[in-house]
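Build out the structure end to end from the sequences listed, making use of the hints.
Spelled out, the chains give:
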Amino acid sequence: MSMSKGVSKANLGNCFEDFRLGQVLRHATPRTITSGDVSLYTSLYGGRFAVQSSKEFARRLGYRDAPVDDLIVFHVVFGKTVPDISLNAIANLGYAECRFLKPVYVGDTLSSVSEVIGLRENANKETGVVYVRTTGRNQRDDVVLSYVRWVMVRKRDKAAIVAESVVPELLKVVSPSDLASAVPGLIIADYDMMLAGSTHRFADYVIGEKIDHVDGMTVEEAEHQMATRLYQNTAKVHFDQFAAQGSRFGRRLIYGGVVISLARALSFNGLGNAFHLAAINGGRHVAPLFAGDTVYAWSEIIDKQDIPGRSDVGALRVRMIATKNVPCSDFPNRDAGDAFVEGVVLELDAWLVIIR
Amino acid sequence: MSMSKGVSKANLGNCFEDFRLGQVLRHATPRTITSGDVSLYTSLYGGRFAVQSSKEFARRLGYRDAPVDDLIVFHVVFGKTVPDISLNAIANLGYAECRFLKPVYVGDTLSSVSEVIGLRENANKETGVVYVRTTGRNQRDDVVLSYVRWVMVRKRDKAAIVAESVVPELLKVVSPSDLASAVPGLIIADYDMMLAGSTHRFADYVIGEKIDHVDGMTVEEAEHQMATRLYQNTAKVHFDQFAAQGSRFGRRLIYGGVVISLARALSFNGLGNAFHLAAINGGRHVAPLFAGDTVYAWSEIIDKQDIPGRSDVGALRVRMIATKNVPCSDFPNRDAGDAFVEGVVLELDAWLVIIR
Amino acid sequence: MSMSKGVSKANLGNCFEDFRLGQVLRHATPRTITSGDVSLYTSLYGGRFAVQSSKEFARRLGYRDAPVDDLIVFHVVFGKTVPDISLNAIANLGYAECRFLKPVYVGDTLSSVSEVIGLRENANKETGVVYVRTTGRNQRDDVVLSYVRWVMVRKRDKAAIVAESVVPELLKVVSPSDLASAVPGLIIADYDMMLAGSTHRFADYVIGEKIDHVDGMTVEEAEHQMATRLYQNTAKVHFDQFAAQGSRFGRRLIYGGVVISLARALSFNGLGNAFHLAAINGGRHVAPLFAGDTVYAWSEIIDKQDIPGRSDVGALRVRMIATKNVPCSDFPNRDAGDAFVEGVVLELDAWLVIIR
Numbered sequence: 001m002s003m004s005k006g007v008s009k010a011n012l013g014n015c016f017e018d019f020r021l022g023q024v025l026r027h028a029t030p031r032t033i034t035s036g037d038v039s040l041y042t043s044l045y046g047g048r049f050a051v052q053s054s055k056e057f058a059r060r061l062g063y064r065d066a067p068v069d070d071l072i073v074f075h076v077v078f079g080k081t082v083p084d085i086s087l088n089a090i091a092n093l094g095y096a097e098c099r100f101l102k103p104v105y106v107g108d109t110l111s112s113v114s115e116v117i118g119l120r121e122n123a124n125k126e127t128g129v130v131y132v133r134t135t136g137r138n139q140r141d142d143v144v145l146s147y148v149r150w151v152m153v154r155k156r157d158k159a160a161i162v163a164e165s166v167v168p169e170l171l172k173v174v175s176p177s178d179l180a181s182a183v184p185g186l187i188i189a190d191y192d193m194m195l196a197g198s199t200h201r202f203a204d205y206v207i208g209e210k211i212d213h214v215d216g217m218t219v220e221e222a223e224h225q226m227a228t229r230l231y232q233n234t235a236k237v238h239f240d241q242f243a244a245q246g247s248r249f250g251r252r253l254i255y256g257g258v259v260i261s262l263a264r265a266l267s268f269n270g271l272g273n274a275f276h277l278a279a280i281n282g283g284r285h286v287a288p289l290f291a292g293d294t295v296y297a298w299s300e301i302i303d304k305q306d307i308p309g310r311s312d313v314g315a316l317r318v319r320m321i322a323t324k325n326v327p328c329s330d331f332p333n334r335d336a337g338d339a340f341v342e343g344v345v346l347e348l349d350a351w352l353v354i355i356r
Numbered sequence: 001m002s003m004s005k006g007v008s009k010a011n012l013g014n015c016f017e018d019f020r021l022g023q024v025l026r027h028a029t030p031r032t033i034t035s036g037d038v039s040l041y042t043s044l045y046g047g048r049f050a051v052q053s054s055k056e057f058a059r060r061l062g063y064r065d066a067p068v069d070d071l072i073v074f075h076v077v078f079g080k081t082v083p084d085i086s087l088n089a090i091a092n093l094g095y096a097e098c099r100f101l102k103p104v105y106v107g108d109t110l111s112s113v114s115e116v117i118g119l120r121e122n123a124n125k126e127t128g129v130v131y132v133r134t135t136g137r138n139q140r141d142d143v144v145l146s147y148v149r150w151v152m153v154r155k156r157d158k159a160a161i162v163a164e165s166v167v168p169e170l171l172k173v174v175s176p177s178d179l180a181s182a183v184p185g186l187i188i189a190d191y192d193m194m195l196a197g198s199t200h201r202f203a204d205y206v207i208g209e210k211i212d213h214v215d216g217m218t219v220e221e222a223e224h225q226m227a228t229r230l231y232q233n234t235a236k237v238h239f240d241q242f243a244a245q246g247s248r249f250g251r252r253l254i255y256g257g258v259v260i261s262l263a264r265a266l267s268f269n270g271l272g273n274a275f276h277l278a279a280i281n282g283g284r285h286v287a288p289l290f291a292g293d294t295v296y297a298w299s300e301i302i303d304k305q306d307i308p309g310r311s312d313v314g315a316l317r318v319r320m321i322a323t324k325n326v327p328c329s330d331f332p333n334r335d336a337g338d339a340f341v342e343g344v345v346l347e348l349d350a351w352l353v354i355i356r
Numbered sequence: 001m002s003m004s005k006g007v008s009k010a011n012l013g014n015c016f017e018d019f020r021l022g023q024v025l026r027h028a029t030p031r032t033i034t035s036g037d038v039s040l041y042t043s044l045y046g047g048r049f050a051v052q053s054s055k056e057f058a059r060r061l062g063y064r065d066a067p068v069d070d071l072i073v074f075h076v077v078f079g080k081t082v083p084d085i086s087l088n089a090i091a092n093l094g095y096a097e098c099r100f101l102k103p104v105y106v107g108d109t110l111s112s113v114s115e116v117i118g119l120r121e122n123a124n125k126e127t128g129v130v131y132v133r134t135t136g137r138n139q140r141d142d143v144v145l146s147y148v149r150w151v152m153v154r155k156r157d158k159a160a161i162v163a164e165s166v167v168p169e170l171l172k173v174v175s176p177s178d179l180a181s182a183v184p185g186l187i188i189a190d191y192d193m194m195l196a197g198s199t200h201r202f203a204d205y206v207i208g209e210k211i212d213h214v215d216g217m218t219v220e221e222a223e224h225q226m227a228t229r230l231y232q233n234t235a236k237v238h239f240d241q242f243a244a245q246g247s248r249f250g251r252r253l254i255y256g257g258v259v260i261s262l263a264r265a266l267s268f269n270g271l272g273n274a275f276h277l278a279a280i281n282g283g284r285h286v287a288p289l290f291a292g293d294t295v296y297a298w299s300e301i302i303d304k305q306d307i308p309g310r311s312d313v314g315a316l317r318v319r320m321i322a323t324k325n326v327p328c329s330d331f332p333n334r335d336a337g338d339a340f341v342e343g344v345v346l347e348l349d350a351w352l353v354i355i356r
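Protein chains in written order, with the numbering used here: chain A, 1 to 356; chain B, 1 to 356; chain C, 1 to 356.
Don't read these hints as lab results, they were simulated from the structure. Wrong hints could be hidden among the right ones.
What the hints assert, rightly or not - Only some residues are given here: those of chain B computed to face chain A with a beta carbon under 8 Å:
| # | residue |
| --- | --- |
| 1 | S35 |
| 2 | T42 |
| 3 | Y45 |
| 4 | S54 |
| 5 | F57 |
| 6 | N88 |
| 7 | I90 |
| 8 | N92 |
| 9 | H200 |
| 10 | D212 |
| 11 | T218 |
Idealized CB from N, CA, C, for every residue including glycine.
Below, the structure is given as C-alpha cells:
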C-alpha cells in the first residue's frame, strides 16, 4: 500500500522537469515580521545603521518607524521559495534585478510568489537551470522586493523530455531611476552624522575608491543555523551534519545569505551613511563558507549617480568582496587569469542609497 | 554560624521526602510571552505553520492574532516547575493528560501551579516517583495548559519514613471532546492551502499511514542552552559542562523538550495543515540527545476522530518517533523484543487538530 | 592616491594622544530597546527576576510595564562607546560611580555620550589611561545610566607629547541616597514572594553573610558573540578568531559584560527579591573567560542600608565573585598574599535594591 510508505505527503521538492515556463508558484508560510526578528538579526550580524536601529532617528528623518534591515526582507522572501524552487538545487548560480521597493516595518506580513521565466537543460541531461522572478509582498499586496535568481536543479529522470531552452534577458544594472522608492523624502537637515556614526556623504565618495571594512567576524554553526531557520529556509545542506558527513565537503554549508548579511554589516565601517541597500545588480557565491571561518569585506565604488527627483539621497554602486580568513587591507581580488584569489567567498554588485 | 555558610538562601530543590500528597506548589517567575520569544522559537526549530507565523493568516481564519506555538506554552509552563519539582530528579519518566486549552498570544503572562497527585517510594529506598498535575494559567486566570508528569526524585535520607504509595489513575488517551478548545471556530472557506504549505486535509489521512518527515536537524550546544534558558528552565544537567565531565555521559544533556519541539517542527513536512497540537496522551524520552546529534522524525496515524461540535477541524492521533543520526525513511521502530532500535530518542502519542 | 587606499573612511579608533581632557564624545547608533532584546537576554543568561519577566507582576507593584534588565541598559550604553573609546584599548581597568537612574522600558531609545575626565600617560610612553564618564539617555533626554570607566589605550606614536596627568577623584561607594530612583514607589502589599521565587527580604540578610549561588553556566562562542553583537559592541577581540590565533591567548576573549550578566542571573538563586541592580561601586575583570568555561558565582553581603525616603525597599551592598570552572561552595576568594585564587574571573562591588 503506497499510502503506508508515507512519502506521498512530505514535500520532496521539484526537479527540473517539474517546472514550466510561465508557471507561477505561490510559496508557503506568510510571515509577520516582529521586533524579535530584528533583535535576532542584530545579534547575528551586528549591524549599526542608525535608521534601522532607532525608531526616533528614523522618524525624525521622515520614516513612520524604523524600517527593518533590507536583507531581513530578502532572506524571508527568499526562504519561502526554497521548498518549491531549490530543495533539489545543486548550485545557486546568480541574482539579478533585485530591487527593494517599499520599506518594511515590524508588524508587516510578507509572502512570496515566483514565476518561472527561463529554463535551460544542461548538455549532460542530468541537470538544468531554472530562472525565476520572485516578488515579496506585504499584507496590502504592495511589492516590497523583486529579484531574479537562477539555480541549477537536478532532473529526476535523465530521459525526461523537456521544452526548448528559454533564457531571459536580464539587466546588467538596475537603473538609478528605479532606486530609493523604499526611502521616504528625508528631512536631511535633521540627519545627525555623529549619531549615524559617519561624516562621509555622497559627495565624499569617488569612483574607483576602495574601502577596507577592517573588522572580521567568525561564524559558528549555531549562528548560521539560527539565522537560516529564522527565515524558514529549509535547505537541508545547512542543517543536517549527519548527511553532510557523506558529502563532498563533509560539513554543513552556510547559507550564502549569511555571508551577504555579514559583509553588509561589516561595511558600516566606511559606508555608515549608506543606510539603504536599494538594489543588487548581481551576486556570486565564489566559494562556500563553513563554521569557524572568519569573514572580512571590502568595497569598491564603481559608480555614483543622482537619483531622479531626489535631492536628499544619492546612489553609490559598490562592488563588495567578502573573504574568509583573509583580511582585506590589500583588497583581495581577481588574479591575472581573472580568477578570484584564494579566500574570496562573495562578489556582490549593489546600489546603496546614501545621504547627500 | 550557619548563616555564613550561605546555602540557606539558595534553593537546592526538593527531595522525595519533601513532597506531600495534595501539596500545591505555586511556582516562581510569571512570564509575559513576547514576539521575541516567538522569533527565538522559530530560529531554534524552524517551524513553518502559517497560523503561528502570520497574524494576517490567523485573523482571516478567526483568531484574534497569531497564536504562539503550543510548545512555547508547554516549555514555559514546564520550566517554572523545575526548581520545585525536578531539580533533584534522576529521570523524567512520563507525561499524560496533557491538554492545550486556550490560545496564548503575545502579551499574555503565564504562571504555573502543580499539585502532587501521587507518590511512590522505590524499593531501594533511595528514590521515589513524584506525580504532579501542573496547570499553566494566563493573566485572566484561564487555564491554558494542564498536564500530568512523573519524575524519579532522590531521597535526601534513605532512612526517612514516607507515606504509603499512591499512584494516580491516568487516562491513556485524551477524549476527542476535550480537544480544540484552543481553536476558535474557523472560517475554513478562507483557509489558503497554498499559503499553508500542504494540500492534505483531515480526510486525506488514513489510520496506519506512516509519514517520513524527511529533514534532519543537527543541534548545537548554544542552541539547546538558549532554548532552555528562554523557558527559564534551571535544570543543571543542561548547562554545566564542568559538572557534566564527571557524570555518566560526560556531556551536557539536552532538555527533552528540545527534541519534542524539533520533531514537531520537522513534522510540518507531511502534516502541514495539522497546525495545532491539542493534546499529548503520553511521551517517553527513550535515549538522551547530545550536541552534535542530528534529529529526524516520522509519524504514524494511529487514530482519527471527529471533534464533537466542530465541522471545521478534525483530530489525528499520531505516534511520533524522533531519532538521532538515523534517517526515518525506513520508519525505525521497536524490534522483535519490543525494545526501540538504536537511535530512537523520543516516542510521543499526541492529538493534532487539522483542517477538514 | 591615498583615497584609493580606502582606510580613510573606516574608523580605526582613537589612540591615547587623540583624547583631550573635557572632550565630549557623542557616540553613534541610537538604539530602540525591543521585546526581542529582552527575550534574547533571557535566552543568553536565564534571568528569573519576576519584575523583569512579567508585565503583570511589575504593574501590580507600581511600574508602568516590566522594566528591562538593568544590565541590558548597561551593555547597550557601553557598547556604543567602544568604537570611540576602547577600540585600541589594551585593558579595561575599572568602573566606578555606576548608577541606574531611571527605569528603561521596551520602546525606549538609548544613546550614549562620554566626557573625558582624566588622562594619565604611562611611564613607558607607549600607553596611557583614559578616564571617561559615560551617560546613557532615553528619547526624552533623561539620564538612565551614568558611570565612570578607565581603560588603558595604546599611543599611536611613542614620541607624541601629551598633556599633564589628571586623575579624577572617584567615590569608593555610591551613597544610599542616590539609589533606587529607577524604582517607583512600590505597593509592597501586593508583592507575591512565591511568584518572586524567594522568601528572603531586606531584614533577612546580615552583613558578613556569604551566599553560594550554586548553579554553573557554560558559555559557548555563539552565545557570547550573539550577546556582544546585540549590544552593537564592536571590539574585535570578541569576534575574530582568525586574528585571535596569533594573539597571546589564541582565542576570542569573551566580553566582560557577559560574565557580569551571568553572575547577576545566577545570583537570583539566593537573592531572588533583590530585583534591581542600583549601582556598581567598582568592578574588576580578574582573568579572561573563554568559550567552554563554566561560570559560577557567590556573594558576600558587605553592607546594608536604608534608602532615604523609602519604606518599600532597602539596599544590600554585595561583593560578588564569579569564577570559571570552580564551584563556589567554598567561596573562592583572595589568598594570604591578597591575590585571587585560581579560577576567579570577576569581582564586583554593587548595591542591590531589595524588598523590605
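Structure-based check of all given hints:
{"no.": "1", "hint": "S35", "in the structure": "4 Å, holds"}
{"no.": "2", "hint": "T42", "in the structure": "6 Å, holds"}
{"no.": "3", "hint": "Y45", "in the structure": "7 Å, holds"}
{"no.": "4", "hint": "S54", "in the structure": "4 Å, holds"}
{"no.": "5", "hint": "F57", "in the structure": "5 Å, holds"}
{"no.": "6", "hint": "N88", "in the structure": "30 Å, violated"}
{"no.": "7", "hint": "I90", "in the structure": "29 Å, violated"}
{"no.": "8", "hint": "N92", "in the structure": "25 Å, violated"}
{"no.": "9", "hint": "H200", "in the structure": "5 Å, holds"}
{"no.": "10", "hint": "D212", "in the structure": "5 Å, holds"}
{"no.": "11", "hint": "T218", "in the structure": "4 Å, holds"}
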